[in-house]
Amino acid sequence: QSVLTQPPSASGTPGQRVTISCSGSSSNIATNTVNWYQQLPGTAPKLLIYSDNQRPSGVPDRFSGSKSGTSASLAISGLQSEDEADYYCATWDDSLNGPVFGGGTKLTVL
Amino acid sequence: EVQLVQSGAEVKKPGESLRISCKGSGYSFTTYWISWVRQMPGKGLEWMGRIDPSDSYTTYSPSFQGHVTFSADKSISTAYLQWSSLKASDTAMYYCARGDGSNRFDPWGQGTLVTVSS
Numbered sequence: 207q208s209v210l211t212q213p214p215s216a217s218g219t220p221g222q223r224v225t226i227s228c229s230g231s232s233s234n235i236a237t238n239t240v241n242w243y244q245q246l247p248g249t250a251p252k253l254l255i256y257s258d259n260q261r262p263s264g265v266p267d268r269f270s271g272s273k274s275g276t277s278a279s280l281a282i283s284g285l286q287s288e289d290e291a292d293y294y295c296a297t298w299d300d301s302l303n304g305p306v307f308g309g310g311t312k313l314t315v316l
Numbered sequence: 113e114v115q116l117v118q119s120g121a122e123v124k125k126p127g128e129s130l131r132i133s134c135k136g137s138g139y140s141f142t143t144y145w146i147s148w149v150r151q152m153p154g155k156g157l158e159w160m161g162r163i164d165p166s167d168s169y170t171t172y173s174p175s176f177q178g179h180v181t182f183s184a185d186k187s188i189s190t191a192y193l194q195w196s197s198l199k200a201s202d203t204a205m206y207y208c209a210r211g212d213g214s215n216r217f218d219p220w221g222q223g224t225l226v227t228v229s230s
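Line by line, the protein sequences are chains V and W.
In terms of our numbering, the first sequence has 304 at position 98, counting the first letter as 1, and numbering is strictly consecutive.
In terms of our numbering, the second sequence has 126 at position 14, counting the first letter as 1, and numbering is strictly consecutive.
Keep in mind the hints are simulated off the structure, nothing from the lab.
Note that beta-carbon positions come from the ideal geometry of N, C-alpha and C, so glycine has one too.
Wrong hints could be hidden among the right ones.
[To be verified] From the structure, some residues in chain V lie toward chain W, with a derived Cβ separation under 7 Å: (1) PHE307; (2) GLY309; (3) GLY310.
[What the hints assert, rightly or not] Derived list of chain V stretches under chain W, where covered just means 3 residues or more per stretch with a C-beta under 8 Å from a C-beta of chain W: (4) 217 to 229; (5) 234 to 243.
Here chain V stands alone, though its shape is the one from the complex (with noise of 0.2 Å):
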């Protein structure tokens, strides 16, 4: 059992808009920065948000996220068959006194 909640699963076709979300607590979300990361298949782990809605480099802006309370959201617009991936929230966890991840969302491009 994740410390962060997300769907287990999400679906669009391509050029929707598509969210997946990230539940979690006050200890958690609410008093720390969200990041996000994305795994293509057979791939590591990939940072793709940090600090609840700043892109690195070379992320296309049709990935965003945003924060509000307990919650965190990711929007993917204009989906892209390549979008099909595992997507993981994680933040820092002040009772757990480290960071956690949510238990990711599988995305699938109808």
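With chain V's structure known, arrange chain W on it following the hints.
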């Protein structure tokens, strides 16, 4: 280019010992933490803990404390993850990742697959 390169896949028997490595390049190795992350087959990411290569100060997740050991050799920009007695349940992909003060992990190593089977 900043990168972390991990050692190759390993196949071991229960009870055997193992050390895998993670070599950093393209940045000052002692300026950032190195975290280790486990991904069991078909499962999500689990933070195991981290090491500060500048002084080898370590922090372990309670779930992994006592079962693994982190070390680092800053002279060769390499961090290590070690087991003294492997179990079948240690079968997983292990990633190292560079961590900064905001706890973002970037970049990640390519992963080391550890298979423990009799």
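Hint-by-hint comparison with the structure:
Because the smallest distance between the Cβ of V/PHE307 and any Cβ of chain W comes to about 4 Å, under 7 Å, the interface hint for this residue holds. Against a cut-off of 7 Å between C-beta atoms, the interface hint on V/GLY309 holds, since the closest Cβ of chain W lies about 5 Å away. With its C-beta approaching chain W no nearer than about 4 Å, V/GLY310 sits inside the 7 Å limit, and its interface hint holds. Counting residues of the stretch 217 to 229 of chain V whose C-beta lies closer than 8 Å to any C-beta of chain W gives 0; at least three are required, and the coverage claim is violated.
Given a C-beta distance limit of less than 8 Å, the hint that chain W covers the stretch 234 to 243 of chain V holds, as 4 residues qualify and 3 suffice.
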